[in-house]
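Trainee: Sequence:
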Amino acid sequence: MPNKDSKKTDTKSQDLEDLDNIEATDDEGQPLANTDFMREKIKSRPINSKKLLRRTITTIVMAIIFGIVACCTFLLLQPLLSNQIGSSNKSQTEVSFPKETVSDEIQREDLIASEEEKAAADAASAQASVNESVTEAAEKEVAAALSSLSLSSSDYASIYNSLKEVATSAEISIVTVTAATSDTDFINDSFVREASTSGLIVAITDSETLILADSSNLSGAETIMVSFYDDNAVSAVIKSTDHITGLCIISVSNTDIPEDTKDNIAAATLGTSLTAGLQGTPVIAIGSPTGTPQSFCYGMITSTGRVLDLTDSRYTLMTTDIYASPLASGFIINLEGSVIGVVDMSYNDTGLENLISAIGISDVKNLIQNLSNGIVPPYLGIHAGDIPSYLTEDGTLPSGVYVSKIETGSPAMDCGLQSGDIITKIDGEKVTSYSQFLGLLYARSSGDSVSITVMRQTPDDYTELTLSATLEDAPTK
1 MPNKDSKKTD
11 TKSQDLEDLD
21 NIEATDDEGQ
31 PLANTDFMRE
41 KIKSRPINSK
51 KLLRRTITTI
61 VMAIIFGIVA
71 CCTFLLLQPL
81 LSNQIGSSNK
91 SQTEVSFPKE
101 TVSDEIQRED
111 LIASEEEKAA
121 ADAASAQASV
131 NESVTEAAEK
141 EVAAALSSLS
151 LSSSDYASIY
161 NSLKEVATSA
171 EISIVTVTAA
181 TSDTDFINDS
191 FVREASTSGL
201 IVAITDSETL
211 ILADSSNLSG
221 AETIMVSFYD
231 DNAVSAVIKS
241 TDHITGLCII
251 SVSNTDIPED
261 TKDNIAAATL
271 GTSLTAGLQG
281 TPVIAIGSPT
291 GTPQSFCYGM
301 ITSTGRVLDL
311 TDSRYTLMTT
321 DIYASPLASG
331 FIINLEGSVI
341 GVVDMSYNDT
351 GLENLISAIG
361 ISDVKNLIQN
371 LSNGIVPPYL
381 GIHAGDIPSY
391 LTEDGTLPSG
401 VYVSKIETGS
411 PAMDCGLQSG
421 DIITKIDGEK
431 VTSYSQFLGL
441 LYARSSGDSV
451 SITVMRQTPD
461 DYTELTLSAT
471 LEDAPTK
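Using UniProt numbering, the first residue of the sequence shown is number 1, and each one after it goes up by one.
Hints listed in this document are in silico derivations from the structure and should not be mistaken for laboratory results. Just so we're clear, the structure is a prediction, and the values are computed from it rather than from any experiment. Please note that the accuracy of each hint is not assured.
Said to hold, decoys possible - Here are the computed distance ranges between Cβ atoms for each label pair:
1. ASP230 - PHE74: 37 to 45 angstroms
2. SER399 - LEU352: 30 to 38 angstroms
3. GLU393 - LEU151: 49 to 57 angstroms
4. THR470 - GLY385: 22 to 30 angstroms
5. THR396 - LEU440: 20 to 28 angstroms
Even for Gly, the Cβ is constructed at its ideal location relative to N, Cα and C.
Given only the sequences and the hints, what does the whole structure look like? Please build it.
Mentor: Here it is as structure tokens:
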């Protein structure tokens with residue numbers, strides 16, 4: 001029986017042969033011409049070397065032009081881009097003040113480097129003694145002339161005008177800081193509560209102007225405005241605050257300050273409050289000594305020896321005979337215009353509430369520097385002081401820092417420090433004075449863990465203990 005598949009294959013082959021034998025015709029049935037001799041051949045386009053060279057040169061020229069345009073654009077935009085990109089770095093410009101050192105009276109041997117210089121110094125001393133006798137006679141004549149001198153009212157006016165010039169010259173560094181807070185009264189009507197204090201420009205960086213002020217009137221403020229000597233006012237923010245003293249640094253963006261104001265303000269000159277014989281020195285209180293902004297008063301320093309018993313710090317208070325408002329704020333300057341004190345009336349004794357007192361500027365320079373750089377002193381929570389040398393020399397007490405009080409809930413209390421302990425080391429470094437201890441403490445930051453070695457009294461003797469404390473931020477007053 002024939003295979004069905006082979007039969008289908010034969011049929012397909014026959015059909016294909018029949019298709020090949022069909023003559024191709026056009027629409028009218030006429031046979032088409034034989035076109036087998038026609039073959040299409042695509043030839044490559046010949047390379048035009050001149051055109052290629054011209055395009056190459058054009059591309060190179062366009063690349064050069066593009067590079068020049070890009071370079072010029074970058075040069076023109078670079079200052080603006082640098083200001084925008086580098087603004088965060090500029091705001092971190094470090095502020096620093098020259099360090100002050102207190103040394104004993106310089107001895108003669110410290111000034112003389114050789115025997116020849118010593119001989120010359122002796123000769124000069126002998127000559128000075130001869131001149132001294134002549135000078136004494138001249139001084140007597142001057143004293144006699146002064147005793148017969150009487151000052152007229154115009155002379156007194158001239159003296160006070162000289163003092164006024166010093167005060168007004170310093171006012172370019174004084175500002176008024178005003179804090180505004182919205183509130184409601186008993187019938188639910190809203191109003192704005194304002195409080196102000198005097199501020200001192202302590203530094204001007206590339207991006208900001210830094211102002212020292214008392215934070216007691218600024219806490220909780222919704223807006224803070226700073227008014228300069230010419231009454232131009234701009235917005236400001238609190239950069240950092242020391243809750244022990246209440247001092248804070250306020251930051252004003254330089255872009256917000258009008259150009260004419262910016263050209264005339266200046267950072268204050270910080271003097272020294274460590275000068276021997278400061279008592280009896282004439283001074284000027286500027287800022288708001290009367291409770292009114294841009295006021296000033298004259299007087300003299302009456303004392304400088306009182307040490308304030310504050311936590312983790314050691315500040316001296318200077319008092320004056322300047323009568324002022326209990327709400328006074330501002331700064332004390334000497335007759336050279338240098339700031340030597342920060343007015344603080346909160347430590348006045350009973351009966352002296354209206355006499356201006358100030359914290360010595362030398363004691364807070366390091367604090368001002370740290371706050372200006374955004375560094376807040378860490379909090380340990382102790383009251384301490386130096387041990388008299390005669391007690392350590394005879395072996396009555398160990399050498400170190402005597403702890404007189406511990407703040408409740410402080411890191412010092414949490415780690416086990418007690419009143420009466422004597423701190424001898426911090427992180428293994430020997431402690432010999434309270435000022436040195438504070439320097440070591442301020443070198444740490446909140447959150448740091450410190451090892452504190454103390455000598456604690458027992459019934460028989462002192463026992464050494466090592467405690468570990470974790471520093472914190474100081475609590476708000």
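Trainee: Look at each hint and say if it fits the structure.
Mentor: The hints, checked one at a time:
1. For the pair ASP230 and PHE74, the beta carbons lie near 40 angstroms from each other, so the given range of 37 to 45 angstroms is met.
2. At about 37 angstroms, the beta-carbon gap between SER399 and LEU352 stays in the expected band of 30 to 38 angstroms.
3. Range check, GLU393 to LEU151: Cβ separation about 54 angstroms, and the 49 to 57 angstroms hint holds.
4. Between THR470 and GLY385, the C-beta spacing of about 24 angstroms keeps the proposed range 22 to 30 angstroms intact.
5. Judged by the Cβ atoms, the range 20 to 28 angstroms given for THR396 and LEU440 holds: they are separated by roughly 25 angstroms.
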